[in-house]
Amino acid sequence: MMRAVMGAAAAAIVFAGLAGPASAAVGEIEKQNWSFDGVFGKFDKAALQRGFQVYKEVCAGCHGLEYIAFRNLTELGLNEDQVKAIAAEYEIEDGPDDEGEMFTRPAILADILPSPFANDNAARASNNGALPPDLSLIAKARTGGPDYLHALLTGYVDAPADVKINEGMSYNPYFPGNQIAMPPPIDDDAVEYTDGTPATVDQMSLDVVHFLMWAAEPKLEIRKRMGIKVILFLLVLTALFYASKRKVWSRIDH
Amino acid sequence: MEKFMQNPIVRWVEYRLPVFAFMNHQLVDYPTPRNLNYWWNFGSLAGIALVIQIVTGIVLAFHYTPQADLAFASVEHIMRNVNYGWLLRYVHSNGASMFFIVVFIHLFRGMYYGSYKAPREILWWLGLVILLMMMATAFMGYVLPWGQMSYWGATVITNMFTAFPLVGDWLTTLLWGGFVVGNPTLNRFFSLHYLLPFMIVGVVVVHLWALHVHKSNNPLGIDMKGPQDSLPFHPYYTIKDMYGLGIFLLVFAYLVFFAPNMLGEADNYIPANPLVTPPHIVPEWYFLPFYSILRAIPDKLLGVIGMFGATMILFALPWLDTSKVRSAKFRPIFKQFFWLFVLDVLVLGWVGKNPPEGMFIIIGRVASVYYFAHFLVILPLLGKFEKTCPLPESIGTPVLGGGGEMPSGAAAAKREKS
Amino acid sequence: MTNSTSAAGPTGAHGEDETRRDFLYLATGAMTAIGAAAIAWPLVQNMNPSADVLALSSIEFDLSPIEVGQSVTVSWRGKPVFARHRTPEEITAANDVDIKNFRDPEADSDRVQKPEWLIMVGICTHLGCIPLGQKSGEPKGDFDGWFCPCHGSHYDTSGRIRIGPAPRNLDVPEYVFLSDTVIKIG
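Chains as they are written, first to last, in the working numbering: chain L, 1 to 254; chain V, 1 to 418; chain D, 1 to 186.
These are calculated hints, taken from the structure and not from any lab test.
Nothing here was measured: the structure is a model prediction, and the numbers come from that model.
You may find that some hints are simply not true.
Said to hold, decoys possible - Distance windows between CB atoms, simulated:
hint, chain 1, residue 1, chain 2, residue 2, range
1, V, Val19, L, Asn33, 58 to 68 angstroms
2, L, Asp188, V, Thr311, 56 to 66 angstroms
3, D, Ala40, L, Tyr90, 36 to 46 angstroms
4, V, Val213, D, Gly78, 32 to 42 angstroms
5, V, Pro298, L, Thr200, 45 to 55 angstroms
6, L, Lys229, D, Val53, 45 to 55 angstroms
7, D, Pro149, L, Arg124, 43 to 53 angstroms
8, D, Ser75, L, Lys56, 22 to 32 angstroms
We put the CB at the ideal spot given by N, CA and C, even for glycine.
From just these sequences and the hints, can you work out the full model?
Structure representation (structure tokens):
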């Protein structure tokens with residue numbers, strides 16, 4: 001039995017070591033306190049709305065959000081009319097019509113948020129050959145997740161003297177390789193928040209990353225709520241099974 | 001039970017196909033050693049994990065599109081639009097991990113207690129065949145979301161087939177359906193991923209048939225000699241298996257609801273790009289020890305042979321282990337080497353996770369050599385030279401004293417002091 | 001066989017009467033059944049229309065570009081919907097009839113909200129073909145409405161079945177006027 005426990009402990013230690021990959025020369029990522037972290041995690045709707053504003057006014061110029069539809073935006077705490085109004089600002093390509101021509105029309109709730117570029121090649125042509133990734137899943141597609149994204153956005157500094165930065169690139173200690181094609185995307189007050197929150201770089205980064213976590217995992221709240229109910233149910237059920245097992249086995253010597 | 005069997009409808013069916021007597025014989029009255037510990041729960045858990053994967057898999061297939069331009073988006077469609085789609089997807093992806101956790105423990109149980117020894121060699125082989133089929137199924141399943149890791153993991157592993165002399169390139173092109181991994185590969189992997197689990201069910205049936213011939217091994221490693229050594233499977237082990245299932249589901253639920261992406265790779269949330277290779281290509285955790293062995297051997301063909309050899313050597317285990325004593329309980333030296341072996345496998349897994357640089361290369365090679373040494377050197381020698389402990393008279397003796405009593409009825413047998 | 005002094009539950013021995021089920025086993029069994037139902041629910045519910053399909057379960061449509069006497073077909077839930085801007089003659093013809101002997105008696109006023117706008121699902125109620133009569137030049141049948149070429153059903157200017165095998169009038173979907181000219185179907 002002791003052997004089994006030691007073996008399990010060894011497994012747990014190695015397993016914990018498995019969780020983090022080796023990284024090379026990248027800054028230590030600071031852990032943030034996100035409201036969506038932990039067993040009882042929830043999205044902060046005010047932060048989501050501010051984050052959406054930052055995305056819309058700053059990031060959407062280069063980055064698409066192809067897995068979010070306008071109807072999803074009601075989850076941010078906006079009502080249907082507000083979202084319809086937002087959708088109506090966008091033109092969506094539709095068609096072909098009866099003459100075989102494509103045409104544009106205002107977006108409706110059912111439409112996906114349009115990307116800033118028609119395709120990847122157009123995106124590269126507008127960005128010195130670099131492709132700004134779609135942001136729908138970015139919070140799950142990078143090791144370190146939201147903490148990494150926040151560190152990246154707030155981490156732009158001047159390059160150290162001994163590091164040569166290539167043409168058109170910027171130095172960022174958190175980006176793998178330390179050279180990123182995206183210049184610092186936000187300055188203080190780049191956006192005027194409707195709720196009056198001061199729009200510092202840090203605040204805007206926290207808000208937009210909060211929004212991007214929602215965009216990547218909109219079912220997060222439902223998932224954790226259901227998880228609590230399921231685990232409580234299973235704890236009771238397992239206890240009942242254990243008691244039944246003991247009762248059945250009490251009939252014999254063992 | 002007797003009133004049930006007298007029912008006219010039951011008798012009509014039973015006369016034509018004796019299903020009820022069969023079920024009773026195999027699942028109710030079936031004699032099981034009375035001294036099984038909780039390490040024996042993992043066989044039934046593996047069966048349940050298989051059912052969970054098949055059910056969630058079929059339902060996911062209602063919504064998934066196996067085409068290179070559409071697959072990634074169809075998985076996001078499942079996650080965002082399909083009712084409970086996120087739940088089905090996370091159960092299926094974490095269910096694969098749970099399936100392997102349970103099967104590896106089940107396998108290690110077999111190694112510790114000598115369950116592979118005569119007369120259970122074929123039972124052991126069938127288990128290994130199931131493991132191989134699981135590995136093929138899981139590999140193909142991981143390709144289906146068509147993320148970066150899906151694509152590049154498929155590329156690296158299918159490229160292994162070019163190692164075969166003469167036919168290597170032809171075989172790999174046949175497998176791919178093209179000149180690289182692409183849409184034809186994805187389509188056929190989807191078809192085979194759907195097919196293989198049902199073939200696994202077939203092998204599981206034969207595995208259970210083989211089991212029922214000589215019945216279960218037990219922690220003492222000595223045969224059941226009579227009814228005093230056994231208990232009917234129902235209710236003793238049915239209820240014990242349900243309790244084990246509760247624990248299994250608790251661990252599973254924690255993963256699904258609170259850490260659904262912990263065992264996965266962030267890179268697989270990036271759509272596959274044939275022109276960009278991820279900096280670290282890592283297979284799913286359950287392949288890491290084998291991946292380590294593959295990378296430890298510098299030659300391409302020998303590396304492939306080494307990787308397959310690591311699984312195939314298990315087939316020879318009944319003959320490599322020459323000891324007459326089954327269970328590690330009575331083999332004090334073997335016991336220590338067993339746990340060293342477990343540690344070695346964990347080390348191989350840890351090495352596989354990391355890039356093949358620096359100290360990882362040396363550790364990986366030492367651990368790979370030790371893996372094979374355990375089977376080819378240590379076990380054969382132990383069988384010859386180990387001084388084993390004396391075996392007890394029977395399974396019933398430690399519990400019931402001399403003789404023992406039948407367990408049916410509520411008799412709380414008093415222990416007879418000899 | 002002697003009974004043990006403690007356990008009072010069913011012994012499981014063959015033939016013994018179990019007059020009182022043990023509460024523990026009952027509770028365990030009941031909770032297992034609840035668990036099984038909870039597992040079954042998502043396995044069924046996922047088959048119901050997903051969120052993106054439900055998003056298109058109602059559409060808004062602007063009628064203002066449709067001239068008098070013109071018909072337009074719009075797609076709703078994958079089905080064609082006929083929107084016709086009826087002429088005064090068509091409205092009169094729809095009302096000036098005795099519906100008593102119709103196969104599916106329905107007054108025109110029960111089929112429209114504003115008499116000049118006729119909104120119907122353009123699927124023949126016989127076997128599902130799409131009737132002709134939307135475009136100019138297409139046959140409209142004997143009653144100046146719609147004609148289904150598959151098995152010869154004739155619909156009038158209110159979309160009611162007059163001749164032919166169709167059992168019901170063309171279905172009128174649920175719709176509301178959001179403004180004088182914009183309707184929401186579904």
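Outcome of range test on Cβ distance (Pro298/V, Thr200/L; 45 to 55 angstroms)
Holds, at about 53 angstroms.
State, for the Cβ atoms of Ala40/D and Tyr90/L, whether the hinted interval 36 to 46 angstroms holds or is violated.
41 angstroms, holds
Please check whether Val19/V and Asn33/L have a Cβ separation lying inside 58 to 68 angstroms.
Given a distance of about 59 angstroms, which is inside 58 to 68 angstroms, the answer is holds.
Taking the Cβ atom of Ser75/D and the Cβ atom of Lys56/L, is their distance within the range 22 to 32 angstroms?
Given range 22 to 32 angstroms: holds, Cβ gap about 30 angstroms.
Cβ-Cβ distance between Val213/V and Gly78/D: within 32 to 42 angstroms?
The hinted range 32 to 42 angstroms is violated for Val213/V and Gly78/D, with Cβ atoms some 57 angstroms apart.
Can the suggested window of 43 to 53 angstroms be confirmed for the beta-carbon pair Pro149/D and Arg124/L?
Since the Cβ atoms of Pro149/D and Arg124/L sit about 52 angstroms apart, the hinted range of 43 to 53 angstroms holds.
Hint check for Thr311/V and Asp188/L - Cβ pair distance inside 56 to 66 angstroms:
59 angstroms, holds
Looking only at beta-carbon atoms, does the pair Lys229/L, Val53/D fall within the given range of 45 to 55 angstroms?
Once the Cβ atoms are compared, 28 angstroms apart, the range 45 to 55 angstroms for Val53/D and Lys229/L is violated.
Checked against the numbered hints given earlier, the structure breaks hints 4 and 6 and satisfies all the rest.
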